[in-house]
Amino acid sequence: MKASKVILEALKREGVETIFGFPGGQIIPLYDAIYDFDINHILVRHEQGAGHAADGYARASGKVGVCMATSGPGATNLVTPIANAYMDSVPMVAITGQVSRHLIGLDSFQEADITGITLPIVKHSYLVKRSQDLPRIISEAFYIAGTGRPGPVLIDIPVDVTKEELDFDPDHLPAMQLPGYKPNVKGHPKQVRQAARVIAAAERPVIYAGGGVIAADASQELRELATYGHIPVTTTLTGKGCFPEEHDLSMGMLGMHGTPYANYAVSQADLLIAVGVRFDDRVTGNLSAFAPHARFVHVDIDPAEISKNVAADVPIVGDAKRVLTSLLVELKKLELSADRHLPWMQQVETWKREHPLVVRESEDGEIMPEFAIHKIWEITRGEAVTCTDVGQHQMWAAQHYLSSRPRGFITSAGLGTMGFGFPAAIGAQVARPGELVIDIAGDGSFQMTLQELATAVQYHHRHR
Amino acid sequence: MKHTLSVLVENKPGVLTRVAGLFARRGFNIDSLVVAETESPEVSRMTITVDEQDQPVEQVTKQLHKLINVIKITSLDPTESVERELLLIKVKADAETRSEIMQIVEIFRAKIVDVSHEVLIIEMTGTREKVSAFMELLEQFGVVELVRTGRLAMGRGKRPT
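Order-wise, the sequence lines are chains A and B. Read left to right, the first sequence gives residues 722 to 1185 (our numbering). Read left to right, the second sequence gives residues 13 to 173 (our numbering).
Hints may contain errors.
Stated by the list, open to error - Output of the computed footprint for chain A on chain B, the stretches with three or more beta carbons under 8 angstroms from beta carbons of chain A:
id, stretch
1, 17-28
2, 68-77
3, 80-88
Since the hints were derived computationally from the structure, they do not count as laboratory data. Ideal Cβ positions, reconstructed from N, Cα and C, are used throughout, including at glycine.
If we strip away everything but chain B, and leave its shape as in the complex, we get (with noise of 0.2 angstroms):
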């Protein structure tokens, strides 16, 4: 099962070689990895995701928590939390399946975000299921690249993450 790590750290130099060479170190392995600052410059955040058949979740919480940038770790239990990804997606798109394009992006509530003569650029966010989803329906117009943030997540009701 996938398992997110939302990780508070100081906004430092260095700070995500360190948390990368943990990872590779201990012989963890990332499935995605997010990293940008939060409401205080100070601090960033990264969310982490993990396979936890390759390895013990705590292991990995607890050897991240030795490292001194590390200020907070949370664990986010995915019926606690609302999870998103963000897809941009470049499909080859002629006048006659522009249309049909179009309607699935309706249906799936995504943005077609620049068009030319021969391609459509796509944007889409929504579960990784989702967006799986959505990459697979297109697949047969001809996808000419894509790029996915990786999960990103928060957990649900007052409580900060």
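In isolation and in its complexed conformation, chain A is listed as follows (with noise of 0.2 angstroms):
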């Protein structure tokens, strides 16, 4: 079988429906294989479209994103797009065409290092050499990308390797070589145990949550570990809606453009439960007043998070939804009652009530643009999958649009990229086609991206 046919049939076994892509000279043996393959194919106006819709249906789905494009200026119009899933953790892979194998590293016609280009910003990346590599290749890149904490996997194919015949038996799955990958998923039962006490023992505690818990499909433990709890919630930018933001626990988002009562209460709480988040430092701010008064456990799935900002008193390495699952157990072992933190969560009642965040009707006349946010949340009950781009009305989503569900809010948070929003709800509306998918957008942000409108009107999505 012809190595491009290997590919698509290699990716169709890993589940792959949509390709968001732009084909170029090097990559034209696995668009001329497409044809014969029931595989979707969006056909983006820039290669960034592409990632950035990759990303979108990532998010908006849970599976693994997929985007393509050719060697050169196609790869590394790419680049923006696997920083901000690197950033975000989004699990995407990214194939990109190279010149043949000959060509590399004589500064050929449309060549670029892709794979060194990106070595900062992907999980993990292959440079396939030899054809009989690639159903093992794309096996692991799908399983690198999707397990662990998710992020980007660039596979860079040489033309002439899928040019190449081969073996493929499409039932046969190659044996993956990753000695050294061995992602950690269950937490230590006996940090578990401790984690129970000391939330036990808590007056004053604050469940501090973020993608970690999207990522990690944990939002129903997530909101039993409140409820049961009576523990006051605040999600990151990337956590907004892995708690629902309308419930009585909710208090939004934290940090710089959190909420105040948010802050208010990290700043007197006596425990953080932190969960699947990063202390980024648009969170914390300056560390050292970060949480003053507070003990930190914090669960996450990337060991490297641990103690890297924040020293964790009890710290889990594990995927938040077994984590959470094994915690409640425990915790239901301590019988909490509910009343044992009462002045606590009146305090947190009378922060709500006396620093709401205000929502600006209209100014000489014109419509604010925190208000047109509150009444797409007002008309679509906060169900509607939101996409945003980045800057001050991101902010303003963020605050005012309230999340009800999971996968709902779909956002450039740690890159911050500009023209990520309009691409970004392409691919979510393609993830979600019965939906209504919106892009709130600033009229730079949009600029940026705007060609994809051409997209949108060629496959008939409905975005607002």
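Join the two chains, each given in its own frame, into one complex according to the hints.
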């Protein structure tokens, strides 16, 4: 079988239904093969759009997003989306064409060392030198992208490799060769018990939840922890929606652009239960003044995040869903009383009442952006898939669009990529065809990728 | 304090770049780095020496572990491991100084590996401190050039590093 077909067979085996891409000279064999496959290809108008659409697709669906571009400039146009996915831990596989093996390193036409360029912004990358490695590499790429702390994986394939013939049996799974990759998913039982004891003893606890909760599909478990323990919840920007923001226990987002009450609560808390977060500087501000009275339980699947910025008192390395499940079991053994920290709950309520987020309706006869966002939220009841671009409008959206469910608020948090929102909305719409997808954008951000309007029209999307 | 990490990695193209790149972008400093194949050709060993004052070794280790090609990392305690450096040094030597140099070579159990009319090349192994002491003693004769491998280390006892 031709290697180009093998690639597509392997993608199908990984469950890929949609590829976002743009063709070019060194990836033509792959594009020629697509005609024979039941894979949906979305032709974007710029490779950056393909990358962000794959990102939006992944965030909306929980599946690995796939984008494709040719060598050289096609590949370098994917750099921003790859960095974006890396910063927000989004599972993505980027496939790029490369010049023929004998032309690599000779400054050939449309040659760029894309594995080198993307080295600091990928979870892993491959330059395929032998066609027989393709089935294994594709299996590994999807496994790496989607497990542990998710992230982007790049596969760079020289064009002559895609033209070779090789034996391929779609039913035979190639053995992965990843001796150094063992994502630790189960929290240490002793640490979990310790966390339960600390939580039971806390007088002023706060849950600080982030994107890791959504990545691990642990919203239900988080909700049980909060309601069982009567613990107020604040989320990061990427964590928005992991806990319903209309819930009595929700304090919205924390940090520089967070709600006053979330920040008051964190500054007074004696325990911070940090789940799937990385103590980003937009959240903590000056680290030495962050949550000065609190001890920290830190749950994260990435061991390197534990005690990177803040020393954890109870570190737990593990998948949020599994850790929270076992934590609940342990907590229930301790039989917490509902009114054990009543004064704290009352204090949080008082802060919420006294320092609410203000929605300015109009000024000088003009509708204020916060009011418009507030109205969108009212009309959609917080259930639309909402994407944003980057800037002031993004923060207004984060504050006033109360997200009611995980994977319902899609935004470029870590990298802060202007131009992300619109192509991400296209990807989200492909992932959730029957649902309402909204992109809240500023004029600057929108103009960075507005050529994707043509893509949206071509595929009959109905974004707002 | 200097800290030695013994890192087993997959012997594949680009792995050294990934490790070096990680140090660069995280702002970690490498004191010395030795890389070579191990007893199994699919695996290489990197012996990396870092300064604990410049960066938290725990963070360096955790970040290294995130590289897919890194298989195992052992942090070597100096009291529980043997460490060596190899030095090749080219020293000026004429009829007058040659015998004195040879005496120093003998005391340090080093080896003269090349002789010409004006210079000697000496090979010497030892701990970092011993290598430095040796170099210092030879300075008076005029050092033309030298090359050191950087620190190699292996844990003591039965267990593999």
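Each hint, compared with the structure:
1. 17-28: Holds, because 4 residues of the stretch 17-28 of chain B bring their Cβ atoms closer than 8 angstroms to Cβ atoms of chain A.
2. 68-77: holds (count 5)
3. 80-88: Contact hint for the stretch 80-88 of chain B vs chain A: holds, 5 residues under 8 angstroms.
Of the numbered hints stated above, none is contradicted by the structure.
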